[in-house]
Structure formats: structure tokens, C-alpha cells
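Chemist: Spelled out from the first residue to the last, the chains are:
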Amino acid sequence: MDGGNESMGIHLGYRRIENVIFSYGFYILLILVCLFFSIMSSVFLSLENMVVILGSSCFIMLAAGGVTPVFVSGNMDMSIGSIALVSAGITALLARAGWDMPSSIGMALLAGAAIGLINGILVTFIKLNSMLTTLGLMIAYRGLGLVITDGRTIMLPNEYKAFAQIKILNMPIQIAVSLLVMVILYILLKKTRFGAYCYAMGCNGESVKKLGIPVKRVKVTVYIISGICAAMTGIIVATKLGLMRNTVGKGMEFRVVAAVVIGGTSLLGGKGNVLPGTLLGVLLLYVIDNGLAGLGASPYVYPFVQGLIIFLAMYMDSLSALRIKRS
Amino acid sequence: MSTAEGWNSRWISMLQEVDKLTNKAGNLSFPVRIVLMPRPQKVNICVGIVAFIVIVVISITIPSFLTLNNIVNIFEQISTLGFLSIGMTCVLIGGGIDLSTPSILAASAVVGATYMAKGGGAVVGCLLMILVALVFGCINGLAVTKGRMIPFIVTLSTKFVAEGFAVMYINATSVYGLPDSFQRIGSKIGIIPISIFIFLSVAILFHLIIRTTKLGRWYYLIGENENAAKVSGLPVIWAKFSTYVVSSIMAAFAAIILTARLNSATSSMVGETMIMDAISVSVIGGASLNGGKGNVFGTLLGVLFITIISNCTNLLGISYYTGMIIKGIIIVLVIGIDVLRSGGQ
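In the order they appear, the protein sequences are chains A and B. If you're matching positions, the first sequence starts at 1 in the numbering used here and goes up one per residue. If you're matching positions, the second sequence starts at 1 in the numbering used here and goes up one per residue.
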């Protein structure tokens with residue numbers, strides 16, 4: 001990093017390249033990965049393949065979008081995978097009990113909001129550490145989701161499968177819904193007072209209180225949003241498959257955290273955005289999956305390559321953070 | 001009291017105590033004075049008492065709990081979680097966190113078991129397991145200390161890498177047919193499992209290392225205030241690096257014992273909730289996510305506590321799923337107690 005022995009001109013040029021690499025590290029990585037796959041396989045850049053990538057990533061995208069405000073405000077939510085399981089379970093149970101589709105989906109969303117509210121109250125009013133608490137609750141909610149469905153696979157009625165086949169503007173409904181939610185979250189974070197409060201809380205929790213910002217209300221709201229988005233993930237997974245399995249949302253929380261952090265959101269709060277950031281972070285994960293599948297690689301290699309790319313992206317991110325701190 | 005003020009006043013009072021101590025010993029250099037400082041550790045009497053009461057109540061209400069078979073059973077289950085939690089405690093004391101240990105366990109178990117299943121020796125197989133874990137531990141340590149990445153992020157990505165490596169290495173199948181000499185590690189002498197001896201001796205060793213050696217004191221100081229430790233000339237980078245290495249070696253030990261007991265290795269040997277168990281066990285034992293707190297003895301009690309709870313839910317005939325709800329709620333309760341405890345200071 002310190003090219004002390006090099007001549008000044010080379011040194012400056014090196015510095016400039018370094019600057020670009022470190023400020024846009026993640027985007028460069030994403031472009032490189034895309035470039036690699038599009039050279040190696042002709043189908044990668046086709047429109048159909050793009051829809052396939054979006055279709056497989058939209059589940060995680062919803063949850064990751066919902067969690068971004070939580071991270072921006074300096075908190076953590078690791079219980080999203082279990083919330084998805086609970087809401088998928090509630091949808092399936094109510095559907096089997098003869099409820100109509102809108103009300104059972106509405107109840108599942110309400111359950112997600114309620115769980116988010118519980119998380120928010122525990123973290124805000126009892127002042128528990130947000131990461132530990134939501135990790136503990138992750139176990140509890142997963143247990144809850146398995147208890148209500150008895151751990152069995154439940155088939156959904158046909159109207160749910162028909163619902164999953166609907167296309168809006170030539171896009172499958174899952175993609176449309178998740179993109180819509182992402183846009184709403186983007187507006188919420190960037191264009192409203194609530195979003196500004198989130199960033200302020202993430203930057204400095206102490207001084208925000210002195211400014212008179214309703215810290216507690218914002219914190220609880222952030223958790224409710226995350227709960228609702230996780231519930232939507234669960235519902236969409238269940239309707240897409242046409243059945244409710246006990247593996248819904250398993251290990252999802254760690255993937256979501258990885259995607260959100262790759263997208264430039266800081267775990268310490270105060271930094272990050274939904275629309276270019278989290279969206280591209282999620283896409284990177286699925287571009288790797290899709291590209292490797294297109295190359296005909298053994299499916300057992302995907303997680304390893306994915307892990308390596310996640311590591312690289314996070315390393316780039318920490319380097320750029322380090323540079324900002326220095327300058 | 002804000003945290004910065006708390007640290008400073010605690011720091012100054014500790015230094016004053018050191019001055020009193022070192023007046024007799026003549027003029028010692030600053031680092032030595034820091035090392036001589038009284039260590040911030042108390043065995044958590046509170047947790048001990050609660051655990052004792054719980055055990056008494058349980059053994060009165062569930063008659064089959066205090067049978068010899070059940071106790072041996074508990075001791076057999078303890079070692080995997082125990083090893084991981086000892087490593088986690090070291091990392092937490094040093095102010096970091098390690099999410100990758102269960103995945104490192106799977107990765108090293110898979111490599112060692114494959115070697116032994118192909119006819120390799122047990123000793124080399126065990127060394128291979130430790131070596132694989134060591135590689136991942138070094139990656140964690142280097143990225144945290146030299147790369148200055150946030151521990152949560154580093155270990156999260158190593159978790160993915162190690163998990164992926166384990167799946168890739170054996171193509172998501174399972175390895176079995178291990179040599180008899182290796183399986184003996186997982187067997188019993190009479191009625192007592194051998195693994196418990198290994199586990200207890202490692203636990204006592206680490207308890208002593210953390211309580212009585214310089215290295216242990218460095219961990220606490222670094223976790224308490226890293227900048228102060230750096231300024232006073234402690235080898236912060238080396239010590240922090242070593243916490244991640246210790247944690248990964250503990251994962252390798254757990255891998256050896258678990259593989260020997262199960263007589264097979266897969267990429268999904270430990271459950272998804274194992275990492276949460278390890279963290280919560282350390283926190284139950286007095287560790288804090290902010291670093292500088294925790295001890296191996298407390299962690300040991302925490303491991304017993306969690307294992308006994310899941311054992312009791314089994315004995316009472318409660319389903320596994322309900323057991324998960326109970327465990328989650330208990331973990332949150334314990335975290336709440338921790339908040340009350342530190343709020344009182």
C-alpha cells in the first residue's frame with residue numbers, strides 16, 4: 001500500500017487505480033463475475049436467464065430488503081428465517097382449515113408483524129443485545145413453526161398454485177412483488193423522515209436521543225417491517241412450491257446477512273441502502289449459482305465458490321472502509 | 001455511567017492498585033505493571049447457585065434423571081458443545097466472535113475421516129483434522145488482525161467457505177468405515193466415556209491458561225480496551241490471532257470426538273442451532289459480546305445447563321420442537337439476566 005520506493009508518477013497512477021478498486025470494489029467484482037460467466041456461456045446474458053436469476057433470488061431479496069433498515073439503524077435481526085417458517089405454516093394451516101386466500105395470507109403477515117413487534121419490544125424496552133436476542137428467538141420461533149405444523153409437509157389448495165402463476169407486466173408475481181417491496185423500502189429509507197431517523201440512529205445512538213428523535217418508536221417499527229418482509233418471504237416460498245415444508249427459511253438468516261453486508265450495509269449501522277446495495281448483494285449470490293449451473297459444474301461446488309466470493313466481497317468492503325477512516 | 005467513562009475510571013483504579021503492589025517490587029516497566037494488574041474475573045456464583053437449584057428441582061421431579069445411565073449419557077453429549085464453547089469463550093474474552101466453528105468442525109471431520117476410511121492411520125487422521133481446522137483458524141485470525149475486518153463478517157464468510165468445502169470434499173455423501181483404533185476414542189472405559197476425560201483435561205488446561213498465564217490476562221485486557229492494550233505495548237495482534245486459532249483447534253477436537261462416537265462424518269454433522277448454543281453457553285457463563293468478560297469454568301456450567309435442559313425435555317417426553325421453544329426462551333431470559341447484572345454495575 002505504501003509504494004515508497006517507486007517513482008512519483010507510477011506511485012500516483014497506482015494510487016488512482018487503487019482508489020477506484022477500493023471505492024467500487026463490490027461493483028467491479030459483480031461485473032467481473034458476470035463478464036466471466038457471459039464469456040464462458042452464451043445463454044448467461046439472455047433475457048430468459050435474467051428472469052431465472054431474479055426468480056430464484058426474489059425470496060432472499062424480500063427478506064434482505066426488510067432487514068436492511070434494521071441494519072442501518074444499528075441493530076440486527078437473525079430471526080427472519082424462522083419468521084418465514086412460522087408465517088408459511090400459518091398460511092398452510094389456515095388454508096387447510098378452509099379460510100379463503102386473502103384472509104389466510106393476511107393473518108400470516110399479521111403474525112410476522114406480531115413477531116417483529118415482540119423482537120422490537122425486547123430489544124428496545126428491555127434493552128437486550130439485538131444479535132443475541134434474535135439468535136435465541138430464532139431457535140424459539142423455529143420450534144413454534146414446527147410445533148404448529150407438527151413438522152409435516154402440508155399441501156396448499158390449488159388456488160394458491162394458480163396465484164403463484166399470475167404474471168404482472170410479463171413478470172412472475174413473485175418478482176413483481178419483491179421488486180415493488182424493494183422500491184417501497186428504498187423510498188422509505190431515502191425519502192422519508194423515518195429513513196433519516198434510521199440513519200441517524202445508526203450513526204450515533206447517544207446524540208440522537210438528545211435531539212428528541214423518537215428512538216424507541218423507530219426501532220420497534222424497523223423490527224415490524226423486517227418481520228412483515230420475512231413473513232412475505234415465507235408465504236411466497238410456500239405458494240411457489242404449492243406446499244409448506246419444515247425446511248422453509250432454514251439457514252436463511254446467514255445468507256441474508258451476507259447479501260446485505262456485501263451490498264455495502266454496515267453491521268455497525270448508519271450506512272447502506274436498499275436499492276443498488278442490497279439488491280445487487282442478493283443478485284451476486286444467485287448469479288454465481290446460476291453461472292456455475294450454466295457451466296455444468298457439480299452442484300456440490302456452488303457453496304464453496306459462493307463462500308469464496310462472499311469472503312472476497314467482504315474483504316474489499318473492509319478495505320474501502322479502512323481507507324475512508326484513514327482519509 | 002457511559003461506557004467510555006466507566007472504562008477510564010476502572011482503568012485508573014486498576015493502575016492505582018498496581019502502583020500499590022509494585023511499590024515493593026521496585027520500578028517495573030509499564031507493560032509488566034499491566035500484566036501484574038488484578039484480573040477482572042469472578043466465577044459467577046450467581047449462575048452456580050441457580051444451576052444447583054435447577055438440578056435439585058429437576059432430580060426431585062424427574063426420577064429417571066439421577067440414574068447412572070442418564071448421567072453418563074449427559075457426559076457423552078457434553079463434549080462437542082463443550083469444546084466449541086471453550087473456543088468461543090476465548091474469542092469472546094478477546095472482544096471478537098467466531099461464527100464459523102461448527103462449519104470448521106464439519107470440514108475437518110470430513111477430511112480426516114476420508115483419509116482414515118481409505119486406510120490411513122488414526123494418528124495421522126487426527127493430525128489432518130487439526131491441520132484443516134488450523135488453516136481456517138489462521139484465515140480468521142489474519143483477516144481480523146491484519147485485514148482489520150469485523151470479526152462477525154470474517155467468520156460469517158469463513159463459515160460459508162468451510163461449509164462449502166465440506167460439501168464439495170465428499171459430494172454431500174457420508175464417510176464411514178473408520179479404523180478401530182480411531183473408534184476407541186469414542187468408546188467407554190467400563191461405563192465412563194473416554195471423551196469426557198479428554199474434554200475435562202482440555203477444559204482444565206484452558207481454565208488455567210486463561211486464569212494464570214500472561215496470555216490469558218492479555219485476552220482480558222484486549223477485550224476490555226484494545227487501544228489501551230496496544231498503547232501499553234501488549235502484542236495485541238498476536239494475542240487476538242491466537243484466540244481464533246484456539247477456537248478452530250477446539251473445533252478440531254470436537255470433530256475428532258464426534259466422528260469417533262458416530263463412526264461416520266458428513267457435511268451436516270452438527271445442527272444449525274449449534275453456533276447459537278455455543279454463544280449462549282458462553283454468555284450464560286459470564287462472557288459478554290463486548291469483550292473482556294467470561295471464564296472457562298462458567299462456560300462449563302453453561303454447557304451443563306443447556307445439555308441438562310435438553311436432556312430433561314427428552315425425559316419428560318416433550319417433543320423436540322417444543323424443546324426448541326423452551327430453549328430459545330431460556331436463552332433470551334439468560335440474556336435478560338445478563339443485562340440486569342451489568343446494568344447494576
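These are calculated hints, taken from the structure and not from any lab test. These numbers were taken from a predicted model, which means no experiment stands behind them. One should not assume that every hint holds.
To be clear about the criterion: a stretch of chain A counts as covered by chain B if any three or more of its residues have a C-beta under 8 Å from a C-beta of chain B, and this derived list gives those stretches [unchecked claim]: (1) 56–66; (2) 138–144; (3) 255–265; (4) 294–304.
Pairwise CB distance ranges, derived in the manner of DEER restraints [to be verified]: (5) B:ILE53 - A:PHE163: 37 to 45 Å; (6) A:GLU159 - B:SER174: 50 to 58 Å; (7) B:LYS214 - A:GLU206: 34 to 42 Å; (8) A:LEU45 - B:SER264: 42 to 50 Å; (9) B:ILE318 - A:ALA176: 38 to 46 Å; (10) B:GLY147 - A:PHE163: 43 to 51 Å; (11) B:LEU127 - A:GLU206: 30 to 38 Å; (12) A:ARG217 - B:LEU127: 36 to 44 Å; (13) B:ILE318 - A:GLY98: 54 to 62 Å; (14) B:LEU127 - A:ASN204: 24 to 32 Å; (15) B:VAL72 - A:LYS209: 48 to 56 Å; (16) A:ALA97 - B:ILE318: 52 to 60 Å; (17) B:GLY336 - A:GLU206: 18 to 26 Å.
Think of the CB as a built atom: it goes at the ideal place given N, C-alpha and C, for glycine as much as any other residue.
Chemist: State for each hint whether it applies.
Modeler: Evaluated hints:
{"no.": "1", "hint": "56–66", "result": "violated (count 0)"}
{"no.": "2", "hint": "138–144", "result": "holds (count 7)"}
{"no.": "3", "hint": "255–265", "result": "holds (count 3)"}
{"no.": "4", "hint": "294–304", "result": "holds (count 6)"}
{"no.": "5", "hint": "B:ILE53 - A:PHE163: 37 to 45 Å", "result": "violated (53 Å)"}
{"no.": "6", "hint": "A:GLU159 - B:SER174: 50 to 58 Å", "result": "violated (41 Å)"}
{"no.": "7", "hint": "B:LYS214 - A:GLU206: 34 to 42 Å", "result": "holds (36 Å)"}
{"no.": "8", "hint": "A:LEU45 - B:SER264: 42 to 50 Å", "result": "holds (44 Å)"}
{"no.": "9", "hint": "B:ILE318 - A:ALA176: 38 to 46 Å", "result": "holds (43 Å)"}
{"no.": "10", "hint": "B:GLY147 - A:PHE163: 43 to 51 Å", "result": "holds (47 Å)"}
{"no.": "11", "hint": "B:LEU127 - A:GLU206: 30 to 38 Å", "result": "violated (51 Å)"}
{"no.": "12", "hint": "A:ARG217 - B:LEU127: 36 to 44 Å", "result": "violated (57 Å)"}
{"no.": "13", "hint": "B:ILE318 - A:GLY98: 54 to 62 Å", "result": "violated (30 Å)"}
{"no.": "14", "hint": "B:LEU127 - A:ASN204: 24 to 32 Å", "result": "violated (50 Å)"}
{"no.": "15", "hint": "B:VAL72 - A:LYS209: 48 to 56 Å", "result": "holds (54 Å)"}
{"no.": "16", "hint": "A:ALA97 - B:ILE318: 52 to 60 Å", "result": "violated (25 Å)"}
{"no.": "17", "hint": "B:GLY336 - A:GLU206: 18 to 26 Å", "result": "holds (23 Å)"}
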